[in-house]
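Count along the sequence shown from 1, add 28, and you get the number used in the numbering used here.
Just to be clear, a hint being listed does not mean it is correct.
Computed Cβ-Cβ distance ranges for the label pairs, DEER-style [unchecked claim]:
1. 84 <-> 55: 47 to 57 Å
2. 70 <-> 36: 15 to 25 Å
3. 33 <-> 83: 32 to 42 Å
4. 57 <-> 86: 45 to 55 Å
5. 76 <-> 53: 43 to 53 Å
6. 70 <-> 42: 50 to 60 Å
7. 73 <-> 32: 43 to 53 Å
Simulated crosslink set (SDA-like; lysine to any residue; CA at most 20 Å straight-line) [what the hints assert, rightly or not]:
8. 56 <-> 78
9. 59 <-> 78
10. 33 <-> 91
11. 56 <-> 72
12. 59 <-> 80
No wet-lab data here; the hints were simulated from the structure.
We put the CB at the ideal spot given by N, CA and C, even for glycine.
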Amino acid sequence: MELNKLIDRINELYHKSQVAPLSEEELKEQKELRQIYVENVRNNLRGQLNNIDIVEKDGSITKLSDLKKN
């Protein structure tokens with residue numbers, strides 16, 4: 029599912045829950061969509077962190093992803 033559509037649906041369910049209780053099916057959908065969203069955020073953050081290079085005091089460059097492996 030496209031990220032914008034995912035967020036729109038999460039928000040739609042949230043606003044609906046403010047007016048009336050959600051059905052069991054809607055609660056399940058909301059939980060699944062939130063899990064997909066959180067996993068997407070985690071993956072994006074991991075990707076960004078893996079692309080960071082650290083310049084050491086001696087001038088050498090260490091990739092952050094290499095530090096994780098050690």
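Hints versus structure:
1. Checked against the hint of 47 to 57 Å, the pair residue 84 and residue 55 passes, with Cβ atoms roughly 50 Å apart.
2. A hinted range of 15 to 25 Å for the beta carbons of residue 70 and residue 36 is consistent with their spacing of about 21 Å.
3. At roughly 40 Å, the beta carbons of residue 33 and residue 83 sit within the given window of 32 to 42 Å.
4. Taking 45 to 55 Å as the suggested C-beta distance range, the pair residue 57 and residue 86 conforms, at roughly 53 Å.
5. Restraint check, residue 76 to residue 53: a C-beta distance of roughly 35 Å breaks the suggested window 43 to 53 Å.
6. Evaluation of the 50 to 60 Å hint for residue 70 and residue 42 yields a failure: the beta carbon distance comes to about 21 Å.
7. Between residue 73 and residue 32 the CB atoms are about 19 Å apart, so this pair departs from the stated range of 43 to 53 Å.
8. Only pairs whose Cα atoms come within 20 Å are accepted, and residue 56 paired with residue 78 is rejected, the gap being roughly 33 Å.
9. About 28 Å separates the Cα atoms of residue 59 and residue 78, which puts this hinted pair outside 20 Å; it is violated.
10. Taking the CA atoms of residue 33 and residue 91, the gap is near 34 Å; set against the 20 Å cutoff, the hint is violated.
11. Only pairs whose Cα atoms come within 20 Å are accepted, and residue 56 paired with residue 72 is rejected, the gap being roughly 25 Å.
12. With a CA separation close to 32 Å, the supplied pair residue 59 and residue 80 exceeds the 20 Å bound.
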